[in-house]
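Read top to bottom, the protein sequences are chains A and B.
Oh and the first sequence: position 45 is 45 in the numbering used here, straight run, nothing missing.
Oh and the second sequence: position 19 is 19 in the numbering used here, straight run, nothing missing.
Worth double-checking, as some hints may not be accurate.
Covered by chain B, per the in silico footprint, the following chain A stretches (three or more residues, Cβ under 8 Å) [unchecked claim]:
#1 4-11
#2 59-65
#3 83-97
Listed next, the in silico EDC-like pairs over lysine to aspartate or glutamate satisfying Cα-Cα at most 16 Å (straight line) [to be verified]:
#4 K113/A with E27/A
#5 K60/A with D41/B
#6 K11/A with E27/A
#7 K65/A with E69/B
#8 K22/A with E61/B
#9 K46/A with D3/A
#10 K11/A with E40/A
#11 K11/A with E33/A
#12 K72/A with E38/B
#13 K60/A with E38/B
#14 K9/A with E61/B
#15 K30/A with D41/B
To be clear, the hints were calculated from the coordinates, so they are not data collected in a lab.
Keep in mind it's a predicted model, so treat the numbers as computed, not measured.
A virtual CB, placed ideally from N, CA and C, is assigned to each residue, including glycine.
The lines below spell out each chain.
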Amino acid sequence: MIDLTQQMKEKIEELNKKAGKKLTIDELIKSGELSNLTYEISCNRKGIDKYVLMHVTDYKPKDDKIRTVTEKEIKVKEETPFGEIEYRNRRNTTHFTVNSTVTSHFWGNWDNKRYAVMSPLKNCLDECKNELRLNKSSRFFCKRIS
Amino acid sequence: MNYGSIRVADFFVRGSAKLNNNDWILCPQEEVDIIKKENPDVNVIGYEGENVINYTNRFMELFGYQTFEMGEHGYIESSAWGFEKEYENELMNRGIDINLFSVPHSLSWEIFIEWKLIKIDEANALYKLLKNKEPEISIDEVSKMYCIPDIYSPGSPTCGIGYEDTKEQAIEQGVDFFKYQQQLREELIPLGISDLQFEFNLFEGSTEQVNKRILKNIFIEKFLGTDITEQYEEDMVITNIKRIKSIKEKIKSEKLHGDNEAEKVLEYAVEFLIQDLHERGELYKEQKEENGIDWTRHQQTLDKMLLPLGLNCKCFLGDKYIKTKDILQKINNNDMIKDFMAQNGIQEVEGEDILSKYIGIKEKVNEIEIQKTIELNQKGIDIFDPDMFDTAYENCVKVNAILTEFIAGELTPQYKEYIEKTGRNWEQYLSELKPRMSAIGITFEDFMQEQNNDKLIKKMDKFIDDSVQHREQVYDTNQLIETYQNIGITMSEADKSYEALKESKGHDIKNENQKIEEL
């Protein structure tokens, strides 16, 4: 599967080179040049490779990272009867949906976001692997001291 | 990365998410170069327009992923449910405890901490705004304020879990929850909320309590210029006792008692700080003992500090502090007594029991009243003659009457309860006070019945009105005797009491009486 994904990357680069510019997602899809490869990849996606994380946001990823609103130091403004107050947004978590795009609901609107980040689930699991192992062993310890 | 939840609708990690060369960013076409420059390891593709949402599913599909429509809590299509089950099995096969990491963000311990921090920040921002606001905001305005953030509640309507659940969940996930707890604790310090208040109130207490606390901190800082965050000691109880003292001193020294706002603030501040001592109660004692501090000795130290405030350590550790609050307010709020004491050089006696203190003041006032009566008589002035009206004498009588009322007010069964709660023997306490009370013309037994107190207070009011404020009504000796009888003593008893009191203060009664006779 890694090879197929690599092939997709290379194919996109090739198409860009051919067009003499960086093609947009629409142009890549409409060109029809990737459909065979897409089909081949989808048929071969098995196990953990079937799952992908999607994150949509208004803020640019930076330094190869999706930063939380807390790290971006985004402020919340609020009108009070005595004037405007401003304080930090303390959401220090990064959120994704699995094989789908988040939809707007009562607690948030995602209709007009500028950026999307697609990350294979396997990447994330590999990143967290060591930590999960640690969690399992430390859980016993934490329970004992609580 | 640090897992929070693996749910398909809301997969989240704590902190930022690191990206690599297997990840893709979809951004507006004109930003492709800059995004690539800022994220050199990540693949970047552009799209036409302003909104990425229309492209995300097609983007995933281009890479051979199956996509589904998402609702608020999960996939909408029933065809996706099998896919979701497979996803969970896949994670379980990889050793991930699905149950442990399937808590929705809205019910997670992470949102609990997040909302606490947001509300603390919000409170801090409002606190700063109100402290610096020009023109001045009145206390009434602030107290009507509806927007004081609710930092006691779990956070938002979406955050439906309490502290214990939060803690348990975090520990189950192998998270060092105490680190977050400590962070919250530190964030609260600028609001003057710290230490035990945090444990006792932030997680377990009511919204109303913390809102009151913030408001009162604002009052104290704004109107009395006392920095509520100032730490006198590491021990918050001692700090707060010192705050009460300093607020009282400030009121006294700056003569703010004529200022209604300041009076109101003092009332709030004293009530608030006493309440604070009361809330700490047993928890404070336990903490001291856990830290190896000899509680008995510590209690003695606290008692020394608390007594001038009419409080006692055992009192704030108990369930009730009923009377002490009222007593403090009476002392602080009665301008006439304060002025009278200042004009006549009567000092407050530090360290005495509150009732003894009143009786002590009343003894001095009685003495002054007798002295003034003698002086007026020597000058040939009839104290009941409206033409010879004397303001100093009037004030003295009035203060005397108010004090009598106060003392009567304190001598209730509740006061007995208070004395016993502060570790004293009621009978012994009485045996010390009775002779002094008798000397100032107060019959003790009557005052121990609450209904009699009410009756007495009404009589005292009438006495003040009749004898002082409406001077057109001339009193004679018979009327005075009747008045004394109404409050439970005879004229001769009153005379004897005055004489006994004067003698105890070193007066030569016989000589003084002889002079009055001669006049």
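Structure-based check of all given hints:
{"no.": "1", "hint": "4-11", "in the structure": "holds (count 4)"}
{"no.": "2", "hint": "59-65", "in the structure": "holds (count 6)"}
{"no.": "3", "hint": "83-97", "in the structure": "holds (count 14)"}
{"no.": "4", "hint": "K113/A with E27/A", "in the structure": "20 Å, violated"}
{"no.": "5", "hint": "K60/A with D41/B", "in the structure": "15 Å, holds"}
{"no.": "6", "hint": "K11/A with E27/A", "in the structure": "14 Å, holds"}
{"no.": "7", "hint": "K65/A with E69/B", "in the structure": "26 Å, violated"}
{"no.": "8", "hint": "K22/A with E61/B", "in the structure": "20 Å, violated"}
{"no.": "9", "hint": "K46/A with D3/A", "in the structure": "14 Å, holds"}
{"no.": "10", "hint": "K11/A with E40/A", "in the structure": "14 Å, holds"}
{"no.": "11", "hint": "K11/A with E33/A", "in the structure": "9 Å, holds"}
{"no.": "12", "hint": "K72/A with E38/B", "in the structure": "15 Å, holds"}
{"no.": "13", "hint": "K60/A with E38/B", "in the structure": "9 Å, holds"}
{"no.": "14", "hint": "K9/A with E61/B", "in the structure": "14 Å, holds"}
{"no.": "15", "hint": "K30/A with D41/B", "in the structure": "27 Å, violated"}
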